[in-house]
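**Student:** The hints should help you fit chain B onto chain A, whose structure is shown.
So you can see what is in the structure, the chains are spelled out below.
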Amino acid sequence: MLNYPPRELDRTFAALGDPTRREILARLEREETLTISALAAPFAIKLPAVMKHLDVLSAAGLITRSKHGRTVDVRLAPDRLRDAADWLARYERFWSPALDRLAAMAEAKEAAAKEAEKRQSEAPDV
Amino acid sequence: MTSITLVRRIAARPTIVFEALTTAEGVAAWWAPEDVQAIMTEVDARVGGAFRIRFPTLDGEEHEACGEYLEVVPPLRLAMTWRWVFGGVVVERDNVSRIEFDLRPIDGGVELTVTHTDLTDEASASIHGEGWVGSLGRLTRLVEKATEQR
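Protein sequences appear in the order of chains A and B.
Per our numbering, residue 1 is the first one in the first sequence, and the count goes up by one each step.
Per our numbering, residue 1001 is the first one in the second sequence, and the count goes up by one each step.
Next comes chain A alone, as it looks inside the complex:
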């Protein structure tokens, strides 16, 4: 059922577990290529902190960096993100309908139990 090397997925999800890094990925998705200074501009944090986030994203395979003269271009690397999304989708595909069935069954039993309790309380004392 699982084809992905678990350590890589762990790194991906760990990298995604930070709001600044998610915001960086979201901007890269909208704008394709950005220089590091352009990426850092909207954030209140300092450039070295942004660089650290980029290191984490890069180690997780979520972005690529390429040097052009004095600037560094940052791009989204979608494969890992797709792997992570696939992983979630697989489990979601299993659990979502399973929990629907569980809920339907439990709710039917609850209705039956309530009906039985009602009948019992309405039954005349013998």
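Fair warning: there could be bad hints in the mix.
Example chain B residues on the side facing chain A (calculated, C-beta under 8 Å, incomplete) [to be verified]:
| hint | residue |
| --- | --- |
| 1 | Thr1002 |
| 2 | Ile1004 |
| 3 | Ala1020 |
| 4 | Gly1049 |
| 5 | Val1073 |
Sample of chain A residues lacking proximity to chain B, with all beta carbon distances greater than 10 Å (derived) [to be verified]:
| hint | residue |
| --- | --- |
| 6 | Leu28 |
| 7 | Ile45 |
| 8 | Ala49 |
| 9 | Val50 |
| 10 | Lys52 |
| 11 | Leu54 |
| 12 | Ser58 |
| 13 | Gly61 |
| 14 | Gly69 |
| 15 | Arg75 |
| 16 | Leu81 |
| 17 | Glu92 |
| 18 | Glu110 |
| 19 | Ala113 |
| 20 | Lys118 |
| 21 | Ser121 |
None of these hints come from the bench; they were simulated from the model.
No experiment lies behind these values; they were computed from the predicted model shown.
Where a beta carbon is used, it is the ideal one built from N, C-alpha and C, also for glycine.
**Tutor:** Same frame as chain A, now just chain B:
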């Protein structure tokens, strides 16, 4: 660790939901995919007890999943390990999952939180540790049974 969490609100009392999670009849009714009848369901919902379900898929193959109960706290919490088995062979030996069910009573029913975690080598090693505790529990019960029969 990679994990997914799902939350469902169910209009039923906790004991009814917990029963659906911890009896063979209950599990058989919801675990296997739609339109599929489970071939075999084994549910021994106590710490160290086994979980096993086998069902056919539309492509004519049989799928089997098995696991072991780690925590059983009726009617609020259930934790178990879980892995796929094909043809009696455990696949992905190092890739055990852990499933946790947490039931929170709410007005008119239960909020059920399911967390399914894929375990990496390190974590699965500690689970195997718990598995050993379970095996020891089974061994103890066997010994007690043998003693009773004397």
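**Student:** A separate judgement is required for each hint: does it hold in the structure or not?
**Tutor:** Hint check results:
{"no.": "1", "hint": "Thr1002", "result": "5 Å, holds"}
{"no.": "2", "hint": "Ile1004", "result": "5 Å, holds"}
{"no.": "3", "hint": "Ala1020", "result": "5 Å, holds"}
{"no.": "4", "hint": "Gly1049", "result": "20 Å, violated"}
{"no.": "5", "hint": "Val1073", "result": "18 Å, violated"}
{"no.": "6", "hint": "Leu28", "result": "22 Å, holds"}
{"no.": "7", "hint": "Ile45", "result": "27 Å, holds"}
{"no.": "8", "hint": "Ala49", "result": "26 Å, holds"}
{"no.": "9", "hint": "Val50", "result": "26 Å, holds"}
{"no.": "10", "hint": "Lys52", "result": "23 Å, holds"}
{"no.": "11", "hint": "Leu54", "result": "22 Å, holds"}
{"no.": "12", "hint": "Ser58", "result": "20 Å, holds"}
{"no.": "13", "hint": "Gly61", "result": "15 Å, holds"}
{"no.": "14", "hint": "Gly69", "result": "39 Å, holds"}
{"no.": "15", "hint": "Arg75", "result": "25 Å, holds"}
{"no.": "16", "hint": "Leu81", "result": "14 Å, holds"}
{"no.": "17", "hint": "Glu92", "result": "7 Å, violated"}
{"no.": "18", "hint": "Glu110", "result": "4 Å, violated"}
{"no.": "19", "hint": "Ala113", "result": "7 Å, violated"}
{"no.": "20", "hint": "Lys118", "result": "15 Å, holds"}
{"no.": "21", "hint": "Ser121", "result": "17 Å, holds"}
The structure does not agree with the numbered hints 4, 5, 17, 18 and 19 stated previously, though it agrees with the rest.
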